[in-house]
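Asks: In the working numbering, the protein residues as written are 1442 to 1864.
The hints are simulated quantities; they were obtained by calculation from the structure and are not laboratory data. There's no promise every hint is true.
Unchecked claim - Here are the simulated DSS-like pairs of lysine-lysine, each with C-alpha atoms no more than 30 Å apart in a straight line: (1) 1638 x 1803; (2) 1507 x 1803; (3) 1507 x 1493; (4) 1733 x 1507; (5) 1699 x 1638; (6) 1507 x 1638; (7) 1839 x 1853; (8) 1839 x 1803; (9) 1493 x 1638; (10) 1733 x 1803; (11) 1463 x 1507; (12) 1839 x 1733; (13) 1568 x 1638; (14) 1638 x 1853; (15) 1568 x 1507.
As the list claims (entries may be wrong) - Here are the computed distance ranges between Cβ atoms for each label pair: (16) 1532 x 1793: 47 to 57 Å; (17) 1532 x 1561: 23 to 33 Å; (18) 1532 x 1655: 50 to 60 Å; (19) 1793 x 1707: 20 to 30 Å; (20) 1480 x 1456: 17 to 27 Å; (21) 1493 x 1528: 52 to 62 Å; (22) 1497 x 1796: 18 to 28 Å; (23) 1475 x 1796: 49 to 59 Å; (24) 1636 x 1692: 41 to 51 Å; (25) 1628 x 1560: 33 to 43 Å; (26) 1497 x 1475: 47 to 57 Å; (27) 1655 x 1558: 43 to 53 Å; (28) 1736 x 1493: 24 to 34 Å.
Values in this document were obtained by computation on a predicted structure and should not be read as measured data. Glycine residues also receive a C-beta, built at the ideal position from the N, C-alpha and C atoms.
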Amino acid sequence: MLRGDDRATQESTYHFQQQRLKQLAGEAEVEAWIVELHRRARLYDRILRPEKEPHPTLRRALDRLKRWGAAVVEPIALLVSLAQDDGRLTHEEAASALRVVESYLVRRMIAGIATNNTNRFLMSVVKDLRDSVPTAAEITRLLSAPRRRFPTDALVREAVLANPFYWNGRGPQRSYVLRCIEEAYEHAEPLDFTTAKLTIEHVLPQSPTPEWLEMLATDAPDEAPDELHSSLVHTLGNLSLTAYNSKLANDTFDAKKKILADSGLVMNREIADAPRWGRTEIHRRGRAIAEKIITVWPGPDNTASTEPVKPQWSLMTTVLASVPAGRWTSYTDVATVIGSHQVPVGVRVATVAVPNAHRVLKLNGTISPEFRWPDPQRTDDPRAVLEAEGVQFDAHGKAASSQRMTADELAKMIGLEIDAPAE
């Protein structure tokens, strides 16, 4: 790829190398080719094993990319490393260039942008940079092209408040983002994250007690507490890192405060300073976290697209197809998994042919008055269909809560990672 073979894949590498060797004339060219291959192998080894990079600034930048855990960065990281080794970039300039790549990946994950095109976008940037010096400014310019969807500061601020961060990316990536946010605070001594067995903690618990729901009811009198809970619980403003996840569980906020106040993490001590923990506090913390994200991971230039991120409708189709007969889920649960809101999900279910549309109910288990079969010729009662499939309804028309598939269960069913130790 670095030599311009846009069609190169891992499987075709050997073939392309054979073709290139056949074009070499004489031992001197073969020897020069081997020397260059050795140089690239040495630099590539440092990308895979950052501890081998002797310069501390560049070593930290390579280590951050390794901790992110995405092989898609390797070609562009090698391009930057070659430019530094050639003397076209200083170590500091190379580190800044790699930080732009990291920012692109992290911001897209926070914004909930699908990753299926990331590899193609980064490969196209490598191609565009072949005749240029891969500086931070040049990489930023190329990644800011509208089709490459480098989230702006405004989109980051919006996503932090609205998106279910807990469902985005992989477990170690979510933990990495929270770790970097904590590291952005001023610490008298560096934190040792390698020995601390930290996991992601939901301050507002995933399974709220009546006491938690009663507190949420005061935040939004016109909104059902359980729906408000679903819109808040997985957002970044409600998440932290702790070694006491099992002890905190569904405890009251007063009980959690006592443990969080003794934490070595500044973010936890800030949470403990709050008098209560509802929508106002979660949004206030979310806005503060968004500003740290914008500082830690610089954004695109002013040519970047400002369009809102569209819901992942293909993911919704996969989610709905996973709901088996005899079970139901809610618009809120589906919205949580795909990073949307229950209203557009409801509109989508009612207007587009999707699998198992009749198995999506309101959060309280009732069939939405706005439910319509995608097929206008279909007139049968959705409740009768659900009952024939084994779903039980009470006298008030509510499906049994024990048969509901929660967002957590939906995510597991389709293979999304939902929890992992922080690394």
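Asks: Under the constraints set out in the numbered hints, which ones does this structure not fulfil?
Replies: Numbers 1, 2, 10, 11, 12, 13, 19, 21, 22, 24, 26, in rising order.
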